[in-house]
Structure formats: C-alpha cells, structure tokens
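Chemist: In terms of this note's numbering, the sequence shown opens at residue 4 and continues consecutively.
Just so you know, the hints here were simulated from the structure itself, not pulled from any lab data.
A hint or two may mislead.
To be verified - Okay, derived cross-link-like pairs now, DMTMM-like style, lysine to aspartate or glutamate, Cα gap no bigger than 20 Å in a straight line:
| # | residue 1 | residue 2 |
| --- | --- | --- |
| 1 | 16 | 65 |
| 2 | 64 | 20 |
| 3 | 72 | 20 |
| 4 | 72 | 19 |
| 5 | 64 | 30 |
| 6 | 9 | 19 |
| 7 | 16 | 59 |
| 8 | 16 | 81 |
| 9 | 16 | 142 |
| 10 | 64 | 77 |
| 11 | 9 | 30 |
| 12 | 64 | 23 |
| 13 | 16 | 88 |
| 14 | 72 | 83 |
This structure is a prediction, so every number in the text was calculated from the model and none was measured.
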Amino acid sequence: MTVVTKTFSFQSKGRDDMIDITSNVQDSLTASGLTSGIVIVFVPGSTASITTIEYEPGLLKDFPRAMEKLAPREAHYDHDARWGDGNGHSHVRASTIGPSLVVPFQNGRLMLGTWQQIIFIDFDNRPRSRNVIVQAMGE
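Generate coordinates for the entire structure from the input sequences, incorporating the hints supplied.
Modeler: Now the structure itself:
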C-alpha cells in the first residue's frame with residue numbers, strides 16, 4: 004500500500020463560512036497517482052470541520068441555522084470566560100461535526116454520491132488562513 008499526503012491552503016471568512024473543496028480533494032487525489040483506496044481529508048485546528056453536504060443555496064442557509072440552535076453564538080461559554088476570544092461556540096460546533104472525513108476512491112475518482120460534495124466549514128468568529136491535509140492510501 005502507498006500513502007501520499009498533500010496539503011492545500013485558502014482564506015476563509017469565518018462565521019460558518021462553507022467552502023466546497025471537492026475539486027481540491029480530487030486534484031490532490033489525481034496528483035497522488037493512486038487509483039483505488041481511501042482518502043482522508045483533515046483540517047488542523049479546533050474551530051473548523053470537514054463534512055459532506057449537497058452544496059446548494061438552501062442548505063447553505065439551513066446548515067448555519069441548525070448550528071445556531073445547537074451552539075448559539077450568544078450563549079455563555081466557559082471557554083470565552085477563560086480566554087476572552089468569543090469563539091466558544093466555534094469550538095463546540097467544530098467538535099460536533101469533526102475535523103476529518105474518509106472517502107473511498109476507485110479508478111482515481113472519489114466515490115461520492117451525485118449530490119454529495121466535500122465541504123470545509125469555518126466556525127471561527129474571524130477570517131482565517133486555513134490548510135487542509137489530504138492523505139490518500141491505496142494502490
């Protein structure tokens with residue numbers, strides 16, 4: 004088995020910014036030269052997540068509303084009281100969704116559903132420079 008690791012970077016806006024990174028992941032997989040196996044997509048940090056969604060305007064509104072119900076921005080967070088950075092909700096949201104995703108691939112193509120895209124979500128309360136690590140394992 005071969006393991007190939009790639010990283011790509013971009014700017015995010017924070018505040019539930021959702022970015023479709025499917026093509027970035029596919030490009031990293033293509034560059035690996037592998038044809039079959041699994042790819043792990045991982046974001047370092049504790050205020051962002053990786054998941055899948057149908058990346059369309061309705062869900063781009065629905066998802067942040069659901070996150071606001073789960074971990075409201077204006078709620079009390081002991082993290083904010085300790086550090087004073089105002090992003091306690093960001094940590095709770097990110098830990099709920101998680102920092103990584105595993106996707107199988109075959110014939111050098113991600114095996115995603117027709118309406119399924121890989122997305123990066125920045126829950127932090129400010130713009131950030133972000134990195135995503137793509138590690139492909141297979142043959």
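Chemist: Given the hint that residue 64 pairs with residue 23, does the C-alpha gap stay at or below 20 Å?
Modeler: Distance ~14 Å between residue 64 and residue 23 Cα, so the pair holds.
Chemist: For the pair supplied as a hint, residue 16 and residue 81, confirm whether the alpha-carbon distance does not exceed 20 Å.
Modeler: With a Cα-Cα distance of about 24 Å, the restraint between residue 16 and residue 81 is violated, given a limit of 20 Å.
Chemist: Taking only the CA atoms, is the gap from residue 72 to residue 19 under or equal to 20 Å?
Modeler: Measuring from Cα to Cα gives roughly 13 Å; hence the hint holds.
Chemist: Straight-line Cα separation of residue 64 and residue 30 no greater than 20 Å?
Modeler: Violated, at roughly 28 Å.
Chemist: Are residue 16 and residue 142 close enough, with their CA atoms no more than 20 Å apart?
Modeler: Answer violated: residue 16 to residue 142 is near 37 Å, above 20 Å.
Chemist: Holds or violated: residue 64 and residue 77, Cα atoms, limit 20 Å.
Modeler: 19 Å, holds
Chemist: Do the alpha carbons of residue 16 and residue 65 lie within 20 Å of each other, as the hint requires?
Modeler: Within the cut-off at roughly 18 Å; holds.
Chemist: Would you check the hint for residue 64 and residue 20, treating anything up to 20 Å between C-alpha atoms as holding?
Modeler: 11 Å, holds
Chemist: Given the hint that residue 16 pairs with residue 59, does the C-alpha gap stay at or below 20 Å?
Modeler: Since the Cα atoms of residue 16 and residue 59 sit roughly 18 Å apart, the hinted pair holds (cutoff 20 Å).
Chemist: Against the 20 Å threshold, does the CA-CA distance of residue 72 and residue 20 hold or violate the hint?
Modeler: Holds - the C-alpha atoms of residue 20 and residue 72 are around 17 Å apart, at most 20 Å.
Chemist: Take the C-alpha atoms of residue 9 and residue 30, compute the straight-line distance between them, and say whether it is at most 20 Å.
Modeler: Holds: residue 9 and residue 30 sit about 10 Å apart, inside 20 Å.
Chemist: When you check the alpha-carbon spacing of residue 9 and residue 19, does it fall within 20 Å?
Modeler: 25 Å, violated
When each numbered hint is compared with the structure, violations occur for hints 5, 6, 8 and 9.
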